[in-house]
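Colleague: Here are the chains, one letter per residue:
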Amino acid sequence: MGMRLAILTLAVLLVSCGPSADKSVAGSDDLKTYLPAEKELGLWKARGVPQEFRGDDLYIYMDGGAAIYREYGFRQLLVQDYADPYGRSLTLEVFEMDEADAAFGIYTFKVGSQGKRVDLGQEGSLEDYYLNFWEGRYLITLTGFDREVETTQRLLRVGQLVDSRINGPAAPPALVGLLPGRDLISSSVKYFRGPLGLFQSYPFTTTDAFGIKAGVKGDYSAGYSFYVIEYETPERSLERFAAVAKSLQEDPKFKNFRMAAKNTAFLEDRQGRCLGLRALRRWILIVLGPISAESAASLLDDYETDEE
Amino acid sequence: MKRREFLKTSAVLGAVSALGAGKESLNRTSLAAAEGTEVAVAHGADFGKATEKAVALLGGIEKYVPKGAKVAILPNSQSKNPGAHTKPEIVRTAIRMCQEAGAGEIACLSWLPEKYWEATGLGKAVVEGGARLRIIDLKDESLFRALPLTRGKVLKEAKIMTPFFEYDVFLNLPITKDHAGNRFTGAMKNLMGLNSPTVNRFFHTGDFKTKPDDIEHLDQCIADLNLALAPTLCIVDATEFLTTNGPFGPGEISSPKKVVAGVDRVAIDSYCTTLLGMRGEDIVMIKRGHEHGLGEIDLKKVRLREVEA
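Chains as they are written, first to last, in numbering that gives the first Met the number 0: chain A, 0 to 307; chain B, 0 to 308.
Source of the hints: derived by calculation from the structure; they are not laboratory data. Any given hint could be a false lead.
With a straight-line cut-off of 30 Å between C-alpha atoms, the simulated BS3-like cross-links for lysine-lysine are [claimed, not checked]: (1) B:286 x B:62; (2) A:115 x B:299; (3) B:299 x A:252; (4) B:69 x A:254; (5) B:152 x A:252; (6) B:152 x A:212; (7) B:286 x B:300; (8) B:152 x A:254; (9) A:252 x B:300; (10) B:286 x A:245; (11) B:48 x B:123; (12) B:286 x A:252; (13) B:123 x A:44; (14) B:286 x A:212; (15) B:158 x B:123; (16) B:48 x B:300; (17) B:123 x B:299; (18) A:261 x A:212; (19) B:138 x A:31; (20) A:254 x A:212; (21) A:44 x B:114; (22) A:245 x A:115; (23) B:69 x B:114; (24) A:38 x B:286; (25) B:48 x B:69; (26) A:245 x B:152; (27) A:31 x B:114; (28) B:300 x B:62; (29) B:48 x B:138; (30) B:256 x B:48.
Kindly produce the complete structure, drawing on both the sequences and the hints.
Modeller: Right, here's the structure in full:
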């Protein structure tokens, strides 16, 4: 537990000691207050008026893409386009989520593994033509429509301007600290709040056998992934473990299913990857990757020993 | 072939949908199966040329668009983000091919507001190409016609935009990409673009919130909707597309530079899943479509033809 506790403590310290430490957690309900002022944008100008979407109106903006935001806990969105005189454009999206955990979760959902970390918000990631960062209960997405240096610099500049206006520091959810710390690829962490997010990570089951409300996944340098899915009680965890085991056992895309104990199962997917699952206290733990069942068992045992 | 004969055999659904769409769809698919399912793939950096080559492999646009036919085209204009919408070059080429085949009116149909068409560049491609852009007010339910789906397992009624029934030929022009709901979108899912958005929200759960069986539910609804509508021809943009954060983006992009064409949407979707590192069997929607008899999921049974453009 030592390493996991250290990561969680470090995350909390970073938040409390960072440049945003004096900001209020509340934030503003009027997302337009986060837009850069015209004089700060140089040659770039706002194009059109900001669009705002609340609750289920998100479906009007992004149709089927809205479901994942709703799963994490969406409150409202503001969209503003910008353009420069040379035909370059970018779009700023300010998502206000229900709470900081939701903002962190949708941030982890949206960032790719190849992104470059940038010093924006609690955490930011710059990819080929877009960047994301989260702070408090806000997720900021900036999209350029080319890969020119000027556009990338403008994404970062607009990001800084928005960041300087956003209140609401927060730490990642405590659940993140339950991932084994050793050899964890920090940029790989994904936080889930429902079946869609989990399904995108790996298609365990097309029904919500997990009954997931909160879970976390991290990838490890040895090539496997580790999941911790949290439940209200140990009884609930065991109950869901049984439902998941049954679903996986009946699914033809898996083979070599075996129960190693009442709370532990192993199986293999079509790509030959091993899945090891264990109900432990209030959690379901999963090890998934190109490793042997013995290695998966060893990782689960180590986790259990560490917890004790 | 005369236009009337063409309509009889190719079962472009249009008005016949209301009279038993499922049967008509299956008749068309049976015809395709009897001929052997064929999927054409053209690869190249010139996406317009790739579109032409893919359709040429199938026998040319004249096989699908008779002289004088009214053609409805359905591209994906959902998001201006890279890899999230059908490339304007592909739509422009499809319009031109229809014109060269002697089509009558050619129109792109949509309930997405005009600004989506402007932002994606698709509106310009349609108008400059000489086709009509028909935007249907998504809030006016009277502009959608109810179609009972007797064979639908979850979806019992589709609501298709009424102007669709004025057309003889239906060209389905989706982009294949990632989808946060079911991990994949392509030819089958694109048909939601003709269905009432109010009904579509039921696909993403009845009360707009995530429910335990969401993924199965969404996929079954899409398969059911496909009982009502049978594209005359699908031309799928697999040139550059989202592999994460779909369907809206922004997200990571893959660029196979392929245009995929065919009549069998199940086979096409099954093929396109391979471009996203999956198989048709991995996607519930495709399995359900196959179970409905809408097409072939097993690529070993598909005549796959590829060409450089």
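Colleague: Each of the hints needs a verdict: does it hold here or not?
Modeller: Results of checking the hints against the structure:
1. B:286 x B:62: holds, 28 Å
2. A:115 x B:299: Violated, because 41 Å separates the two Cα atoms, which is more than 30 Å.
3. B:299 x A:252: holds, 18 Å
4. B:69 x A:254: Violated: residue 69 (chain B) and residue 254 (chain A) sit about 51 Å apart, past 30 Å.
5. B:152 x A:252: holds, 23 Å
6. B:152 x A:212: With Cα atoms ~28 Å apart, residue 152 (chain B) and residue 212 (chain A) stay inside 30 Å; holds.
7. B:286 x B:300: holds, 15 Å
8. B:152 x A:254: Holds - the C-alpha atoms of residue 254 (chain A) and residue 152 (chain B) are around 29 Å apart, at most 30 Å.
9. A:252 x B:300: Judged against 30 Å, a Cα distance of about 20 Å means the pair holds.
10. B:286 x A:245: Holds. Residue 286 (chain B) to residue 245 (chain A) sits at ~21 Å (cutoff 30 Å).
11. B:48 x B:123: Given pair residue 48 (chain B), residue 123 (chain B) holds - Cα atoms ~19 Å apart, limit 30 Å.
12. B:286 x A:252: holds, 13 Å
13. B:123 x A:44: holds, 23 Å
14. B:286 x A:212: Holds, at roughly 28 Å.
15. B:158 x B:123: holds, 28 Å
16. B:48 x B:300: Holds, because 27 Å separates the two Cα atoms, which is no more than 30 Å.
17. B:123 x B:299: violated, 40 Å
18. A:261 x A:212: holds, 23 Å
19. B:138 x A:31: Roughly 27 Å between the alpha carbons, so the hint for residue 138 (chain B) and residue 31 (chain A) holds.
20. A:254 x A:212: Holds - the C-alpha atoms of residue 212 (chain A) and residue 254 (chain A) are around 27 Å apart, at most 30 Å.
21. A:44 x B:114: holds, 19 Å
22. A:245 x A:115: This hinted pair is violated, its Cα atoms lying about 40 Å apart.
23. B:69 x B:114: holds, 25 Å
24. A:38 x B:286: Given that 30 Å is the threshold and the Cα spacing comes to 55 Å, the pair is violated.
25. B:48 x B:69: OK: residue 48 (chain B) and residue 69 (chain B) at ~24 Å, within 30 Å.
26. A:245 x B:152: holds, 24 Å
27. A:31 x B:114: holds, 21 Å
28. B:300 x B:62: holds, 23 Å
29. B:48 x B:138: Distance of about 38 Å is beyond 30 Å: violated.
30. B:256 x B:48: holds, 11 Å
Comparing the model with each numbered hint stated earlier shows that hints 2, 4, 17, 22, 24, 29 do not hold.
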